[in-house]
Structure formats: structure tokens, C-alpha cells
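Novice: Put together the whole structure using the sequences plus the hints.
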Amino acid sequence: MFNIVQRRKWFFLFSGILILAGLVSMAISIATYPEHSPVRLSIDFVGGSLLEMEFKPLPDAQPKGAVTEDMLTSVLTSFGAKDIRIQRLGEVGATGTNRWQVRTNYLDNETTEKIKTALDNAAKPLGLQLDRDTLRFNQVTPTVGSEVTRAAVVAVVVASFAVLGWIVWAFRGIPDSFRYGVCAVLAMIHDILVMVGAMSLMGLLFGWEADALFLTGLLTVVGYSVQDTIVVFDRIRENSARHRGEPYEMIVNRSIMETFSRSISMQVVVAFVLVSLFLMGGGSIRQFVGVLLIGLLSGTYSSTFTAIPLLVAWENGQLPFVGRNRERSRSAVARA
Amino acid sequence: MRNSTGLWLVVIAAITILALYMIWPGNPGLFGRPIEVRPGLDIQGGLRVLLAADVGVAVDAGKMDQAKQIVERRVNALGVVEPVVQVSGGNRIVVELPGIKDPQAAIDTVKQTGLLEFVDFAPTGSCTASMPGAGTYILTDRQVALRGTKPAGTAQATSAAGTPAATTAATTAITVTAPATATTVPATPTTAAATQAATAASTSAAPLFKRSEYQATAAPTAVATSQAATAAATPQATQAATAQATPAATTQATPVAASGTKDNPMLNPCTGQPFTTIMTGAGLQDATAGLVGQTASEWGVNFTLAGNEESQRFATHTSTHIGQPMAIVLDGQVLSAPVIQAALTTGGQITGNFTQQRAQELALQLRYGALPVPLHVESIEQVGASLGAESVQASVRAGILGVLVVGIFMLVYYRIPGLVADLALLLFAAINFALYKFIPVTLTLPAIVGFLISVGAAVDGNILIFERVREELRAGRSLDKAIQLGFTRAWPSIRDSNISTIIVALIVYFFGGQFGASAVRGFSVTLILGLITNLFTAVIVTHTFLNVLLSVGGDAVRRFNLFRVTPGTTEE
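Keeping their order, the protein sequence lines are chains Z and E.
Under our numbering, the residues of the first sequence are numbered 36 to 371, in order.
Under our numbering, the residues of the second sequence are numbered 823 to 1394, in order.
Think of the hints as simulated: they come from the structure by calculation, not from any bench.
Certain hints may be false.
[Said to hold, decoys possible] Here are the computed lysine-lysine pairs in the DSS-like style, where the Cα-Cα straight-line distance is at most 30 Å:
#1 Z/Lys-117 x E/Lys-933
#2 Z/Lys-99 x Z/Lys-149
#3 Z/Lys-117 x E/Lys-1084
#4 E/Lys-933 x Z/Lys-151
Specialist: Set out below in C-alpha cells:
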């Protein structure tokens, strides 16, 4: 039988490297971004205006070129827009069709309408027009942005404690149920760090922005990661009773191996759905799906290779700052 | 065992039929309510606006609810199909308008307070100061009363005018000023100008604060302030003042701060007090937009009176003030100031150079009344109609493909039990879709993702059970026993793990409401529904189907290696 628990140091090292890479990326982000945030924040959190638009040929004209970034910038600046960030979405089509995403500081509604008209006018000499049917526009005041940020932080904290509480309660019948809770939460923090790190890196490389949906994805993965952890914990709970007298390490490893094929099948199933959504789904949810995919992979990894081995390390007294407390748990097992 | 299987079969059949009935697109509804898909804004395109009460305005649940109802009625009158109007987080209103074509007009219609006032513009005594023209913002006693509860920026303002005592003082001031203007004719324009100066000087203060400041400045009296007053007055007031002033004074008269703007509304130049409102929109019975005027090319609003206290005051006023001007003021801005031609006892007409669209907006606002709290836009989300359609098509295609692959995987990996799990998965999808239509759940793209994620959980339940059954078979148990043990032993971990995800999804749902973000809520709702449904389909339905298979297939099934396991071999 392959012994995952025995090789735990390697798995801890792998997790450590992943998390460290994420932390480096977050540090770079904090140093670079004006908001000093570990990830690139969307207007959901900081407020601002986001305009996604497409230019299409006028019905009776032959397009004479494509809209350029400079054109967009000059129109926006003339209306007093600041912190302008322009991104082209996809290639320029054969008919001069092109799609853009523009992010600026918060502009009021009237100004935005004027900008749309001005963009339309600017595109006319090129034989193009702003396509109002494929417009996506989002505008958030800084007040709402800061409220959302506050709610987000509270949500993560509340979720962590709720999950810890639930595990302690669900495993109340076995000795040291608190340890299970702590290990599950550590796995959860592992997943959060991996996801935020990945998001931070994607932000630096491809301009991905964390929005309210990113937060939703984060919390969902937290839920799933705990789900995985619980399945293995549950098996340990059962095996502890069945194989009494076996060393703890062996019971744990047996439990991991017994649930392994389930973990892999589950991962494959969810990956099927998410990969097809990521590759073929609508553009607006691609980042959300990407984040979920990374998180679910990390979630399965952390349950099997981090949370459970941590439990053993704790039992063997290899964790800093916490006692091993072997005598107490032994006698508790005997009583049970 | 067999009895309970039969019972469950009946339950499952009933649920399947009910779900299929609700999914059937042509269903005539259930319990008299329609069962339909409700596509979200990101799918069918539209506008989502988050409105918030202005900062500093005292709001309570009652006021917000009243505002919500008025917004709702205005929105309905826009002809939007299935709009959503909800109060969110105490002082906000979320408005969702699917498929709206002209977002700017919709936002204007919804957010404007719509406080219509008919204001007395008759000059006091022999006062000849010209009244504010169209487009000027003025302050009326009704506006003061409406915002009276407003804890204005400064504590001073509240204490100065918020109390009844202060109001009495103000009234007294009018009666004191009136005889003065009547006796000393040349002094009157100066007094008016002084008022203007006082108002203009305090540009940043709240309206009420200005008034009390005026009382302090104006008390010393007219002649002394003459020059300073002229220097700082508005164009209108300056005109009035120059009639009596020296040429030298006129050249000095450069308007410093224009009164009559939104932030700095004009007071009555004759009294130096807010204008007197005769009637508000509450006195109207109905209002409709229509062509008015001789040329019949100008748009206006025709109204009829309601016959209540307000409209009676209006009728009395118009009958006693024939030949005198009366202004029509919307949200503090003068629309027009016609001269009263005859007593208006049943209705009248509002003109003010409207376009057709503006006249219709106004009529709509008048019909449903003024908002009890001033609102402003806090966030806007707009999705073009065809954009949503494109991305939903792509996502649904991707989702179907993903689920299909999952189904094939189960079939290949588990064979016959896999087929059973696939049947349960189909039922799972049917029940969820039926629930979305029944509740109804607004289907946004994140909501679809939420459903697909829960498919993962549904299949996970089956995988847990089947793996467990295989283990029991390897341990040498009979098929019947192994299946039974597989279900009972896998149950705690399915239950516990689902509950942990449900807890997190509930937290997401709760905080998603705080963001006012429907995307977040949509995702968590479908996820929660999926997780709960899965407890039924993955466990009970699969178990029942397998039991049926055993009892129908009998020994043939038992001899057949259903789970492809060699008994007695463990992986160790």
C-alpha cells in the first residue's frame, strides 16, 4: 500500500512552494496596484465604471479601418475620465468589428451616456457604429464598493468559523474532534491561499480582476474542500473503531487509500463539467469557472495530502506550539 | 424492505410526473399561478439599477416601502415585462428592468423624486421684483417641510430651523416685512436684493441655514445694505435693483454667485422667504401627456383634480388670483409660470417646452406620486440583449456537454449501476429545473454554474455509495447485503459533506444580498437546491432503483457480476 502519510513532508513542501509562489505574486501586486491589494480588484470592490462594447459596420457603409486604443482614450479623457484601462477582447474581425473593454473611475450616468454617443460619433468616419445590443455596462460608486469589500471579509470569516463549528459538532463523538476541525480549517486556508495566489498571478499576467463572483467561487471551494476532508475524516472515524490497536498512522493511511478512488472519480467528474464550461462557455463566466477549477483541484489535494497528514503530524507531536497529547487520546479511544 | 421499496417507487413516480408537468413548456400553471422560466438580466439583456436614499435623509422601513411601491408602479407603466423592484439593506432599492431599450430614460423616470408643486408667484403688495424664470430652482415652504426631518450637514441648521419655534419665527418675519415693503416703496427692491445677497453669500450651506442667516442680515434694515446687495445679486434681482439704483451701482453689479441653481435655490424676492406652495402633485387625480398649445406641436401634461383638501386650496386660490402668475415647479425647478386665466376647479394643463418623451415621463411620475425620499443612483449594470443570448447559448452547450461526459463516465466506469446513477441524474436535473420554474429562480449564468457544480455533488454521492458497495463485496458479502451496507455506511459522509457545503452556500446567499449582487445570489440558490435534491436522488432514488433491479432480475442479476468485483480480494 502506498504510504501517503509517511511521505507527508514532500506534500507539505509542494503545498509550501505553491503558497509561497502565490504570496510572492501577492506581494508584487500590493506593491504595484494603487489600491495596495493582493489581487487586482474589480469595480465591485473599489467602485468605477466598466464598459464592454463592440463596433460594427454601419448598414450602408464600407468600413475604412478599426477603432484604436488611442481613439477610445482621447474620447474618454475629453469627458474627464481617469484611471483608464483599455483592453481589446478578441481579434479585429474582417468587417472591422472589434470588441473592447474599458474601465475608468466612477462616472455618473449622464457622462456615460454622453461618452457612448461620442464614441459612436468617433467611429462614424471609419464606417463603424457602436453596437448597442452587445453593450455591457457596469457602474459602481466607491461607497458601494467599500461596503462590498467589508461584507466580503465578514463572509469569509463567518464561513470559516461556521465550518469549524460544524466539523467539531459532526465529529463530537470521537476523541480530539477539535483537531479535526482545526486541520479542516487549515486545509481551507491552504485552498484560499492557493486560489488568491493564482488569481493574483493571473491578474499580473492577464489582467484578471477579482469580483463578487470570485469571492463566491472562493467560498464554494471552501465548502467543497471541507466536503472532501469530511469524507476522509469519516472513514478515519469508522476505521478507528474497526481496527482498534493499529497505529494511528496506519489507520489514517488506510482511510486515505480507501477513499482515494472516490476522490479521483469525483475530481474527474467535476473537472469534466468545469473544463467544458471554461473552454466553451460564455466569456463573462470564464474567470469564475477558471477560479473554481483551480480551487477544486487544490481542495482535493489539500484534503488528502495536507489536512490528513497534518492530523498525523499533530498526533505524533511534530507540529510546533501544540502538544501531542497522546496519553489522553489513547485512553479516549480505549473508552470508545 | 420490499414494502418500503414499493412505497418509494410511488413517491418517485409522483415526483417525476410533477416535475415533468412543470417542465413541459405549455403547462397551464399550478394552483392558478404560471410556471415559467425566468431568465436573468445577463441572459435576456436589460438594466439593473441600485438606487439609494440621499445621504442625510432620515429613512425608515415604511418610507422605503412606499418609495418601492411608487418605483414599482412607474416601472410597470414603462411597459417592462417582469421587472424586479426590491428594498435592499435598509436604504436601497434594486430595480431590474429586463429587455429595456433606452436605459437613460428609464433611469430618469425611476429615480426622479417627482415632487410637483403649484407655487404662488403673485407679487406681495406693490413689490415689483421679477419672479424667477423657467429653469431656475426655487425653494418652497413645502420643500422645507419635506426636508424638515433632514439632519442637514451642520448641527446648526437643524437647531436653527428644525424646531417648531424656528418656523414660527420665520412666519413672524414675513408679517413684519410685509407692511414695511408696503409703506416704503423704493426700499423694496433693495430688500429683495439684500435677500439675494444673503442667499448668494452662503452657497454651501443647507437651504434652511441660509434662511436663518438672512434673518440675521436683513434685520438691520434696508438702506445700509443697498450697495453690497446689488454687488452680489443674481441677474434677476440686479435688474430689479437697478431700476432704482444709481448708474455707478449698476457698473459694480457683477453677479458673484448665481442663486437659483439646484444647490442654491432662490427665495421669493418679495418676501425673502421660501415661496408658498398652493398644491402638490397629491392634489391630482390623473395626468396624461398630450399635445398642447395653439400650434399643437408642443407636448404638455393634462391633469384632473382629485377633489381632496389640496385641490380645494388650488381651486380657491385660482378663483381669487385670476390675472396673477402661478408657477409650476418640478423637483424644485420652475417649469413655467403662466398667468391664471380662470378658476381651475376640475383640472388644467402643464406646459414647459417638453419633448414627447419628457411629457410622458412627467405624466407617469405625477400619476403615481412623488417619492417620499430623494433617491440617487449607486450602481448600474446594463447588458445588451444579443450579448446575453450569445453567452448563454455557449454556456448551456458547454454545460450539457459536461453533464453528458459525466453520464458517459459513470456508464463506462460502473456499467449497470452507472446507468442507474445516470437515471437518477436525469431525475435530479428534472427536479431542479422544475424547482427553478416553480419558485421561481431567476436564471443567470452564475446560477447555471451553480447547478452544474451541484451535478458534481450529485454524482459524488453515487460514487461514494458504489465504491462502498464494492468494498463490501470484496469483503465477501452477498450482493443484497453489500448494497444495503453500502448505502447505510456511505450515508453519514454524504450527509455531513453536503451540509458543510450548504452552510457555506447559505453564508454566500446572505452576504450576496448585502452586495445587492443578483449574480452571487443566483449561484448560491441553485447550488443549495442542487445539494438538497441530491440527498434525495443520489441516495433514495438510486437505492430504490437498485432494489427494483434486484427483485425483478432475481438470481440472474445476483449471478451477474454487477459491480465487477472479485469477492474476497481487498486492495491490501
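Novice: So, against the hints stated earlier in the document, which numbers end up violated here?
Specialist: none
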